[in-house]
Amino acid sequence: MKTTNLTAGLVLAAAMVPALSGAAFAQDKGVTIVLSEELDLVDPCMATRSNIGRVVLQNISETLTELDVRGDKGVMPRLAESWDMVDDNTWRFNLRQGVKFSDGTAFDAADVIHSFERTQSDANTCEISRYYEGIDLTFTAVDDNTLDIKSVPAQPIMPLLISLLTIVPSETAMEFTRDPIGTGPYTLAEWNVGQNITLERRDDYWGEAPAVETATYVFRSEPAVRAAMVAAGEADIAPSISAIEASNAATDASYPNSETTYLRIDHGTAPFDDLRVRQALNLAIDREAFIGTILSEGVIPAVAIVPPSTLGWNPDIAAPTYDLERAKELLAEAAADGVPVDTEFLVVGRTGNFPGATEVYEAITSMLGDAGFNARLQMVEVAEHEQFYSRPFVDGTPYLVGAQHDNSRGDPVFSMFFKYHSEGRQSGIMDPKLDALIDSATAATGDERVALWQDTFAYLHDEIASDGLLFHMVGFARVGENVNFTPTIATNGALQLADITFN
Amino acid sequence: MSEHVAATVRPHRKTVFGRFISMLWADKFAFFATTFLLLVVLCALIGPSLLEDVAGKQNLRARNAPPFVLDRGWVYFLGGDALGRPLFARIVVAAQNTMMVAAGAVALSITIGATLGLIAGYLGRWPSEIIMRFADVIMSFPSLLLAVIVLYILEPSVGNLIIVLAITRIPIYLRTTRAEVLEVRERMFVQAAQVMGASSGRIIFRHILPMIFPTLVTIATLDFAFVMLAESALSFLGIGIQPPEITWGLMVSQGRQYLTSAWWLAFWPGLIIILTTMSLNLLSSWMRTALDPTQRWRLEIGGKSND
Amino acid sequence: MKNRIGQRAISSLISLFGLVILVFFLSRLTGDPSALFLPVDASESMRENFRELHGLNDPLLVQFGHYVGDLLRGDFGDSLRRARPALDVVLEAFVWTLQLAAITMTLVTIAAIVVGSIAAFKVGSLFDRAASLLSLIGASAPDFWIAIVAIVVFSLQLGWLPTSGTGTVWHWVLPITILFLRPFGLILQVVRGSMLTALGSAYVKTARAKGVKNNRLIFVHTLRNAMLPVITVIGDQAAALLNGAVIVETIFGFPGVGKLMIDAILQRDFNVILAAIMVTALAIFIMNLLIDLAYAILDPRIRT
Chain R
1 MKTTNLTAGL
11 VLAAAMVPAL
21 SGAAFAQDKG
31 VTIVLSEELD
41 LVDPCMATRS
51 NIGRVVLQNI
61 SETLTELDVR
71 GDKGVMPRLA
81 ESWDMVDDNT
91 WRFNLRQGVK
101 FSDGTAFDAA
111 DVIHSFERTQ
121 SDANTCEISR
131 YYEGIDLTFT
141 AVDDNTLDIK
151 SVPAQPIMPL
161 LISLLTIVPS
171 ETAMEFTRDP
181 IGTGPYTLAE
191 WNVGQNITLE
201 RRDDYWGEAP
211 AVETATYVFR
221 SEPAVRAAMV
231 AAGEADIAPS
241 ISAIEASNAA
251 TDASYPNSET
261 TYLRIDHGTA
271 PFDDLRVRQA
281 LNLAIDREAF
291 IGTILSEGVI
301 PAVAIVPPST
311 LGWNPDIAAP
321 TYDLERAKEL
331 LAEAAADGVP
341 VDTEFLVVGR
351 TGNFPGATEV
361 YEAITSMLGD
371 AGFNARLQMV
381 EVAEHEQFYS
391 RPFVDGTPYL
401 VGAQHDNSRG
411 DPVFSMFFKY
421 HSEGRQSGIM
431 DPKLDALIDS
441 ATAATGDERV
451 ALWQDTFAYL
461 HDEIASDGLL
471 FHMVGFARVG
481 ENVNFTPTIA
491 TNGALQLADI
501 TFN
Chain S
1 MSEHVAATVR
11 PHRKTVFGRF
21 ISMLWADKFA
31 FFATTFLLLV
41 VLCALIGPSL
51 LEDVAGKQNL
61 RARNAPPFVL
71 DRGWVYFLGG
81 DALGRPLFAR
91 IVVAAQNTMM
101 VAAGAVALSI
111 TIGATLGLIA
121 GYLGRWPSEI
131 IMRFADVIMS
141 FPSLLLAVIV
151 LYILEPSVGN
161 LIIVLAITRI
171 PIYLRTTRAE
181 VLEVRERMFV
191 QAAQVMGASS
201 GRIIFRHILP
211 MIFPTLVTIA
221 TLDFAFVMLA
231 ESALSFLGIG
241 IQPPEITWGL
251 MVSQGRQYLT
261 SAWWLAFWPG
271 LIIILTTMSL
281 NLLSSWMRTA
291 LDPTQRWRLE
301 IGGKSND
Chain A
1 MKNRIGQRAI
11 SSLISLFGLV
21 ILVFFLSRLT
31 GDPSALFLPV
41 DASESMRENF
51 RELHGLNDPL
61 LVQFGHYVGD
71 LLRGDFGDSL
81 RRARPALDVV
91 LEAFVWTLQL
101 AAITMTLVTI
111 AAIVVGSIAA
121 FKVGSLFDRA
131 ASLLSLIGAS
141 APDFWIAIVA
151 IVVFSLQLGW
161 LPTSGTGTVW
171 HWVLPITILF
181 LRPFGLILQV
191 VRGSMLTALG
201 SAYVKTARAK
211 GVKNNRLIFV
221 HTLRNAMLPV
231 ITVIGDQAAA
241 LLNGAVIVET
251 IFGFPGVGKL
261 MIDAILQRDF
271 NVILAAIMVT
281 ALAIFIMNLL
291 IDLAYAILDP
301 RIRT
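Protein chains in written order, with the UniProt record's numbering: chain R, 1 to 503; chain S, 1 to 307; chain A, 1 to 304.
What the hints contain is simulated information worked out from the structure, not anything from laboratory work. Take these hints with a grain of salt, some might be off.
Unchecked claim - Here are the simulated distance ranges between beta carbons:
(1) A:Ile5 <-> S:Leu45: 36 to 44 Å
(2) A:Asp88 <-> R:Gln120: 22 to 30 Å
(3) A:Leu26 <-> R:Glu171: 41 to 49 Å
(4) S:Arg202 <-> A:Ile5: 32 to 40 Å
(5) A:Leu26 <-> S:Gly159: 43 to 51 Å
(6) A:Arg84 <-> R:Gln120: 17 to 25 Å
(7) R:Ser121 <-> S:Pro127: 31 to 39 Å
(8) R:Val152 <-> A:Leu26: 43 to 51 Å
Beta carbons: idealized from backbone N, C-alpha and C, even for Gly.
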């Protein structure tokens, strides 16, 4: 009946003391990497998802080929030693010999075939399969170490396409696995859900042994905390911190993160069905005003939806110069022709899409207002954003969608169909000429491919003012002083432990 | 019976208002709290009409302008935000939304919660059971899910935010009221009123409500603060009020990323939240004394009991 | 008492079922999880496969039927995103939340009752003012703000505590301190207020008039009578903590139910949302039973 009874009654388990087992932070030759969100899955066939890729890609699971992101060697060998085109539709890959998976089984052509079939299975929802959508691919093992891939239609960039396919042993079940087996230099040693993931170096890796012996991944969603962890020595690498935090030149480095921000315009709704209105919109945005203020110094005004390092990026296109008077004139001209330029429309932005997103969209909305547009900002969360972004579009008030698109794969093909083709899910354009350009560029090879993509970008930007392109963005990584690591354009989606060395 | 007697034989020397002021003056903390709150209410009422344009005007050159510099005009004396908008003007303008959200949510939840609590406590077992199960459902319904549902299906407006926050706060009033009613109804004077044949309504409004009122007021003023903080937490998670609408909570949330480089972005709105919350609380503890017949003498003898 | 608990369990089960129905249908009004699980450039056939695989193509009532059927067999379904049983995911997280809540509430209850009672006994004193004011400042600031400032000060500048995460006992200090502030401020006020009322009430006056000099006796007696509203508030605060401390867990990277819940809600992982609700509801039910028990012990009149 005394107070002790009360408290004892209320507190469920006072005796329950948290597990006090200590976890050492920096072991010898160990690194701790702090990621922005917890991993839901570690399945290799999901490695194209940014945070999964940073753990799995080329660390646990490898690919036949690999895009060189540090130099300009293009597609490089990994599990395939060489490849060539047998005929227009067939590519032959010669596989590396003597490679073993971490479960001890040998790597051969059957594993590649199984890995591909697994992405196509109905028993899972592998996201890699989206890159092979609409292509009829046939994998044939010529012998254990030789593989033919036949495709209809022809795929001139097959070596690049195949760089996305992570290889699992043929024993792997079709369902998502939580114990990924790969040929990579590391194995998944421990996964304490919610807390950390630990990779350990393998002794029987086929290639050169990396310097890092163990890697521990932890997850913090607040950018300030990620930055603080490296500063406090609790983590060695934070691949993504915000530009505001990145103030220490000794540890913080920027890298083009292959993201491009833009305002998607639906050409099918008034007033944006008029070219002059779209041009006015572009002229009304003072892009320079954002650089070094809300966004960091490193961002560059975008002239295409893919970053400059992409094949076929057109260096001759100039970003629109801010010209408020010209924008007003164009609007007045359009209005004189009966275009309803004063129609209210929404600028739809996604909360937390990139650091400073809200401020950027607030500023753009206000700039559009200055030019005479009737714009209203609406910030939404991720699911609602998807509704606005993808077809079928939301009825009612016309809207622009502020979005960020990531293409670090080196070729525009991974973007153009979805964003600009009449049948693309996020495309606001129905233009047969554009469709033809995209189709022919997709099928072309070599210099012709470069030229066709350049034409496509010029057409989009200069002739039809396809969208309100904003910036090629940069990311910021903080790297502790004990380790050496230079972030690259691939750091958005992969983080090869082999690239890390110790000081 | 002593409470009841004390309540009826109070001195009638001054007018009600005069007595109120002198009792307020007796507690200096409460006096300043009231003054501050009146100022906040004033901002909420007329702030937007005076400063709305200034608060929305972007000026990237004044981006993150430091406070206490008067070069850009007096509205910048608290500094500028990430888009160079004067923080002072934004805080004044945001007072309206913030007050509307908090006051609306508290008023709505206290009305519904206390009514249901009175019914649950006063009426028989079945209504009580049903109401308490209802409270359980609400208490277990994740408020974040509620916020996302409202955000997704309806628009992220002030009115909808009030509904989200109010619903989540109903159980606390409901349970407190019921608990108090259960206690009070057993007291002698209530039983006496029942014996004398007073109607339920009369008993509830004349005898029970006045007894539980101080507790409800204490909780409501604290809850007012809680709701302001809950609103800022929703902003932190990105599912609260959405720009270009502003509240103090949203300002703190947006400013937090500048904590190490431009502290004032999150500091001023945070400070205002703290001051408002504290004022409400000081006022509530004063009110608790002033409204309690057995405690009121502490204030009426001129605050001698306060150090 | 046993009878009462039985009744309570049945009625709680009814309200839990009501809650499950409500959440099941309302959460499905908030969009298609396939759009969130798959990248924006995934094709319609991939989406179709995702929906088919997770039974999202069936009519809502059929889905609900399946869900309840599975539930009766103890199967809470799989997490859409994690491809593993939703209940496992929730229980793993709940262990963390339970520990956080239990430790925090123990500390809060003890501290608030001690400080609040002393403040009430010495009403108007410097101690009373200082306790009220300081606890209020702590309780009035947005917690994410305090949390980030605390990390900057205690972990970065002073280097006393780890920034975030789990592992050692030191990792618990900051999260628990931040969680402590708000319920402490609130409960302290209620304790103080309740004690004042109880101290002013007839029987304490009578006891004092009768010359009971034993302060301890008065204290215990008063406290017991002042406890009813306090317990209600403690219960609500504990329930809030059991629902997960979203902000603290998010900032400090604590793998609790709050963080799990906000992720599941934002990603429309319906089965995890439902499992989390049921697990927390059970915990809150047990806690409410304990509160009822406390009521009954304190106030025999309620027992009937």
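Q | Earlier hints that do not hold, by number | A | 1, 5 and 7
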